[in-house]
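J.: Chains as they are written, first to last, in the numbering used here: chain A, 1 to 358; chain B, 1 to 366; chain C, 1 to 326.
Check each hint, because a few of them may be wrong.
Derived lysine-lysine pairs resembling DSSO-like cross-links, with alpha carbons at most 27 Å apart [claimed, not checked]: (1) B:Lys20 x B:Lys57; (2) B:Lys20 x B:Lys2; (3) A:Lys356 x B:Lys24; (4) C:Lys321 x B:Lys112; (5) B:Lys20 x A:Lys280; (6) A:Lys200 x A:Lys240; (7) B:Lys112 x C:Lys320; (8) B:Lys89 x B:Lys5; (9) B:Lys263 x A:Lys280; (10) B:Lys57 x A:Lys20; (11) A:Lys280 x B:Lys112; (12) B:Lys42 x A:Lys280; (13) A:Lys211 x A:Lys20; (14) B:Lys89 x A:Lys280; (15) B:Lys2 x B:Lys24.
Away from chain C, derived, C-beta distances all over 12 Å, residues of chain A [to be verified]: (16) Gly59; (17) Ala144; (18) Arg299.
Examples of chain B residues toward chain C, derived with CB under 7 Å [unchecked claim]: (19) Ala30; (20) Gly110; (21) Ile111; (22) Ala119.
For the record, the hints were derived by calculation from the structure and aren't laboratory data. Just so we're clear, the structure is a prediction, and the values are computed from it rather than from any experiment. The C-beta atom is built at its ideal place from N, Cα and C for all residues, glycine as well.
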Amino acid sequence: MTVAARFEIPYSQFLDPHGKAVAPLPAFAQDPAALILLYRAMVLMRTYDAKAIALQRTGQIGTYASILGKEAVEAGVGAAMQKDDVLLCTYRENGVQIMRGVTMRELLVYWGGDERGSDYSGPRRDFPVCITIASQCLHAVGVAYAIKLHQEPRAAVCMLGDGATSKGDFYESINAAGTWQLPVVFVVTNNQWAISVPRKTQSAAQTLAQKAIAAGFEGVQADGNDVVAVHHAMREALAKARSGGGPTLIEAVTYRLADHTTADDASRYRPPEELAEAWKREPVLRLRNYLSDAGAWNRALEEELLRQSDEQVQAAAQAYLDTPPPPVAQMFDHLYATLPAAYAAQRAALTSAAGKSA
Amino acid sequence: MKIFKLPDLGEGLQEAEIVKWHVKAGDDVAVDQPLVSVETAKAIVDIPAPYAGRIVKLYGTERDVAHVGAPLIAFEGGDDTDTGTVVGKVEVGQNVIADAPAGATPLAHGIKAMPAVRALARKLNIDLTMVTPTGADGLITANDVQRAARILAELGPQELLRGVRKVMAQSMTLAHAEVACATIMDDADIDAWPEGASVMLRLIRALVAACRAEPSLNAWYDSQAVGRRLLKNVDLGIAVDTPDGLLVPVLRNVERRAPEELKASLAKLIQDTRNRKVPSEDLRANTITLSNYGSIAGRYASPIVLPPTVAIVGAGRIGKEVVVVDDKPAVHRILPLSLTFDHRAVTGGEAGRFLAAMMTDLQRPD
Amino acid sequence: MAQITLVEAVNLALARAMADDPDVVVLGEDVGKDGGVFRATLGLLDKFGSGRVIDTPLAENLIAGMAIGMAAEGLRPVCEIQFSGFAYTTLDQMLNHAGRMRHRTQGRLSCPMVLRTPCGAGIHPPEHHSESPDAMFAHIPGIRVVYPSSPKRAYGLLLAAIRDPDPVVFLEPTRLYRLFKEDVIDNGEALALDACFTLREGTDVTLVTWGAMIHETLQVADELREQGIAAEVIDIATLKPLDFDTILASVARTGRCVVVTEAPRHCSIASEIAATLAEQGLLTLLAPVQRVTAPDVVVPLARLEQHYLPGKQQIIAAVKKTLEFA
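Just chain A, same shape as in the assembly (with noise of 0.2 Å):
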């Protein structure tokens, strides 16, 4: 007997959880400079994705998925994409997104229930927030497609979580991105939970990462706690990529700290226990151990950044409370290009009711 094929998942980490150097970090994690930019990221997405659950609470804006404890993922994405790269993400990935330029009011006005928020005044061309699960993959397949078919030096960067790996549409995805090797990235963020269902019970598969592998490409995985790891690995797949070299799936391993959703209570099927485990591995307070040591970080710096970044969030949640709510018009303006002339009648009947019952 042969062996017809053989694999190799690499795992990455150069940070540990308390913050300590386990191998020597790649070059642009030299500089201290370049992780205190990522950190200030990093801060400032945890203020924000609080800001927006407290806002939840207290009934200003809908349902809200929170990106509490993958900072690292979002932070390592985000800082190795390029501007006129794409993003197609999933809705728990706000952290991503302002750091390609979305503002954070944007993202409010979303959750707030009115579609405005989508239209980026930063990233034009980044894709809407996906709801239904690995459609964003398919997406993201034909963006590449594009991107290739126009001999353009960009990327696709395709966010998804470990339940989505399991639907058909990323299956075909990646088979697709693997077959014409197509410029796109596909970033899976392990967080160990599809809702209430646990990673063991999603796939059978030794690692998500391996799945690139039956696809016709590479698969790695990274400490998703670690933001040098994420980078780091962005940043080879992305040139990977643009250099035509083809597909990477990048599974980043980290854990949700925080509900599926504002409507839901992890403490129904999630022990406390392996909360409070996961808590002592967090993104942020790992890095930002890193930098104290390294003597890059101190108490006066982390109260001014509190402070910026609370003045942002605040600024940004009042420019939301501020924003008037759609017109009811909204419902029928950019259905299509131009309203066919069969709606103009129920456009009529919607907007004068609605201008009667103001």
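Once you've looked at the hints, dock chains B and C against the given chain A.
T.: Below, chains B and C without anything else, positioned relative to chain A:
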């Protein structure tokens, strides 16, 4: 178990170091009792108990970093309220519903015609009740409507009734719908009357006598309440034929008025009626009616009882007829009488006795 | 000018669109080397290359989903779903994303894609190849659904669909693919979307239909004319948005309407037309609107197909029924 998480410390602070626990597993704590002191970037803060309860477990030891939103203490007790969803908010109501039977609506039997045919009828001003349907199952077709329109066009334009004629049409429709008419007829032999006797005065006197004999014909009937009022006064409605149509002016209290005065009043009333000078209050509220159609033509009739009255007397054309007197034929003057009554309020026996009383009085010489 | 079949007209329109606009790409299973299982994409690979004529892996969600990604990046993808029975899975992408992308982003992104699929019964194939997904697609907000019935209209409407800035589901009547030919000029001229085509004028009854049933309906109109009944025949062509004005104006003149579809009765587009006539044209109706449809059953296999599909006799019977009223 209830998990108490480290609450928001304010000012954007995300963590705090545990300085000292004030409680341990197994302790019972009261609301607001200090649980732990933590040190933030700014200060040392005491975290109070959010509710009373027994401590099951502490998460973290002194010098550990606690995070906002992370488990801090486990309390004994019930689960938090389950939202029952992971998105949005599913409203919870307390009402208990029960199936109620849907009310049965009666089937409407109406005219069957397609909407376009109805629109056509409206346009041509055709009343669909006048159209004979020729379609299947009684359906009025467009042709049927066209046919009706042609016929009516040949007949010329319709005259819309106004004034007195319109009132007659409406009140007769009402009377016809409501009253249960019955009629009895007989003849009064008036051969013994003196020369020049006033037919109207004799009729009025006979009617009054009959009202005394059978008061139930001088009454008002209320069909809603199913009740009647027997009336003491006889306010007699006189049917008067005028160029404008039928009018029924009223002579009040004929039962106590002297014949001469009554004769003069009657003449004046009839004249005023023909000249349309009778005030409206004298055209209403009669208790019984007299129609002397015989002055024109007709022997017997079944005139219409107008609610709320219950009787109308009809006097036919007086003429000479062969009658039997002492078993031998004789030629006498005869006055045909008809009495129509509302059988809802008056029995046949009552009507008969009323008529008999009229005849008795009319057949007296004076 | 050439006398060509409906599927050849589709091929001609695709070639024309791809020649005129380098952003137009074609993708689907077997569309490249094989020219499509019905030869709708014959010759395109040779003319335009494998970058623009893409043989995809066997995955319908992928075909529809990547078209959405391509369209967002400025391409104009025309994807082919090999058979109507396989098109149902694309409802997810069309309904959840294609029809929503413009509205979701308030116009920032849009989705100018076309999804083509052969539909309808009558070629005696195995199961799932005879479907009529008309109403299911027509129920989706934000898209158009177009269903040609002749080579000329297939050519002109497909060009219009490809040039339209919004998603179009283009349903092709398999039974008519090669049933007859027509003169089609390859002049690149599109026909109007959102508009009915009146194929016969008449004063006694309005026959409304689309797709393959046009074929039988026109024959019925000709037969009725010999019996002194002048039937107007309307091909609605765009199922969504539907040009109700033309239908209402016609029924205002004739007073009678028969809607013919090979789709199952319940919630068919015939129902939508009947409802709209009742709502907006009631006073013009001399008889109830008749729907001639397939029954509400699974499309049978070949042996029973002729009993399932509505035929000329049923259409004639429906017309006679309307004439029995006023």
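J.: Now, for every hint given, state plainly whether the structure supports it.
T.: Status of the hints after comparison with the structure:
For the given pair, B:Lys20 sits about 15 Å from B:Lys57 by alpha-carbon distance, which is consistent with the 27 Å threshold. Restraint check for B:Lys20 and B:Lys2: satisfied, since their Cα atoms lie roughly 22 Å apart, inside the 27 Å limit. Between A:Lys356 and B:Lys24, the direct Cα distance comes to roughly 61 Å. Violation of the 27 Å bound is thereby established for this hinted pair. Restraint check for C:Lys321 and B:Lys112: satisfied, since their Cα atoms lie roughly 17 Å apart, inside the 27 Å limit.
For the proposed pair B:Lys20 and A:Lys280, the alpha carbon gap of about 19 Å is at most 27 Å, so the pair holds. For a cut-off of 27 Å, the pair hint linking A:Lys200 to A:Lys240 is broken: about 31 Å separates their Cα positions. With a C-alpha separation of about 20 Å, the suggested pair B:Lys112 and C:Lys320 falls inside the 27 Å cut-off, and the hint holds. Of the pairs offered as hints, the one joining B:Lys89 and B:Lys5 holds, with about 23 Å between alpha carbons and a cut-off of 27 Å not exceeded.
A C-alpha spacing of about 123 Å is found between B:Lys263 and A:Lys280, which places the hinted pair above 27 Å, so the restraint is violated. For the suggested pair B:Lys57 and A:Lys20, the alpha carbons sit about 30 Å apart, so the restraint of at most 27 Å is broken. Distance check on the hinted pair: A:Lys280 and B:Lys112 sit about 82 Å apart at the alpha-carbon level, beyond 27 Å; violated. Of the pairs offered as hints, the one joining B:Lys42 and A:Lys280 holds, with about 22 Å between alpha carbons and a cut-off of 27 Å not exceeded.
Only pairs whose Cα atoms come within 27 Å are accepted, and A:Lys211 paired with A:Lys20 is rejected, the gap being roughly 31 Å. In summary, the hint linking B:Lys89 to A:Lys280 is not supported, as the alpha carbons are separated by about 32 Å, beyond the 27 Å threshold. For the suggested pair B:Lys2 and B:Lys24, the alpha carbons sit about 16 Å apart, so the restraint of at most 27 Å is met. Non-interface status of A:Gly59 relative to chain C is upheld: no Cβ of that chain comes within 12 Å, the nearest being about 24 Å off.
Not every CB of chain C is more than 12 Å from the CB of A:Ala144 (nearest about 7 Å), against its label as outside the interface. Every Cβ of chain C is farther than 12 Å from the Cβ of A:Arg299; the closest lies at roughly 43 Å, confirming the non-interface assignment. Restraint check, B:Ala30 versus chain C: the minimum CB separation of about 51 Å is more than 7 Å; hint violated. Because the beta carbon of B:Gly110 sits about 17 Å from the nearest beta carbon in chain C, more than 7 Å, this interface hint is broken.
Restraint check, B:Ile111 versus chain C: the minimum CB separation of about 14 Å is more than 7 Å; hint violated. The closest approach between the C-beta of B:Ala119 and any C-beta of chain C is roughly 5 Å, which is under the 7 Å cut-off, so the hint is satisfied.
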